[in-house]
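Engineer: Whenever a hint applies, use it, and build me the whole structure from the sequences.
Chains as they are written, first to last, in the working numbering: chain A, 14 to 190; chain B, 1014 to 1189.
If you are wondering where the hints come from, they were derived from the structure by calculation, not from laboratory data. Take these hints with a grain of salt, some might be off.
[As the list claims (entries may be wrong)] In silico DSS-like links for lysine-lysine, alpha-carbon gap of 27 Å or less:
1. B:K1152 to A:K140
2. A:K143 to B:K1166
3. B:K1166 to B:K1152
4. B:K1166 to A:K140
5. B:K1083 to B:K1056
6. B:K1114 to A:K81
[Claimed, not checked] One-sided and incomplete, this derived list gives chain B residues near chain A with beta-carbon spacing under 8 Å:
7. Y1036
8. A1040
9. F1161
The structure presented is a predicted model; accordingly, all values stated were derived computationally and were not measured. Every residue, glycine too, gets a C-beta built ideally from N, C-alpha and C.
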Amino acid sequence: MLMDIFLTFFKIGSFTIGGGYAMLPIIQREVVDNKKWLGEEEFLDSIAVTNSLPGPLAINCATFVGYKTAGYAGAAAAALGAVLPSFLIILVIAVFFASFRENPIVEHIFSGIRPAVVALIAYALFKLVKSMGVNPLNISFSIAVLLLILLFNFHPIVTIVICGALGLFLYRKEEKQ
Amino acid sequence: MTALLELFLVFLKIGAFSFGGGYAVLALIQKEVIENSGWISPKEFIDIVAIAEMTPGPIAVNSSTFVGYKAGAVAGSAVATLGVVLIPITISLIVSVYYNKFKHLNQVNRIIKGIRPAVLGLIAAACIKIAWASIVDIKGIIIALLTFIGVWKLKINPIIAILASGVLGVVFYGVI
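Structural biologist: Pasting the structure below:
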């Protein structure tokens, strides 16, 4: 059973490029449809919960599914399976990267890729803004964080803690009204 | 040994605050790894993000493994990867165990409601810093605009977009 959990998440981790939401349909197919470890609703619940926790969604989700399926050992097997493929692949790339990075053609390739990475991040941001549902309160949180980091060199963690505390305080008032 | 411990602790901290998955972690790595520790340069960091986009697995794990390797070879990559996932896995486990209690915790929901827009600010800051280091001329602006339009309007797969931009890089910087 544990081996099955490990291998299932190892497989999921090996073939899901792009991480995060790209992984969810694949996890669902394996875990809900094929292995029947979790019901559809339980799986969707697990996404709703783990999505709001720190850490990569796929790994949090793996931990949750692993625990529901086989307790603590299941959680460990699933998390290890989900992390291991990307760790091994990047390790191999990292070992060889230094030697081919000096090559002038590789440098040209990366000179082209770097601006594209900016565009991909900007596009992810654009989609997140649309999905959040912008209102004056939440967008002022976003802009304040941006300015605090860029202009006042705030540590990102400090801005997360401030916004979490503000959320706890401000949204309580909103509920009372 | 102390270097490995430092690496572990830095990534433990990054992992503990990596809300919003994926790109938000870039702002944390920028602060902790590039500005505070100097283990990698801004350019190397962008190259790592590009490679992370094209390989399986979460960006947080991919970039931690890579930075860990640069800072402390194979042991460094293992320590950094373990560090970044340890707290998220622990918290996920606690939540799985006490799931039914967490489900209705209003305080947690309100904190999350405050953090969500903060994550957008973090990603915007990371994006601007990366743009500053990686778009150095008009050719770069053209590649960035083409990529954005490609993934937005034409729904091009990001991996294809990265490969195409690499070809453009060779043409723009090598041939022209």
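Engineer: Could you work out which of the previously given hints the structure breaks and list their numbers from low to high?
Structural biologist: none
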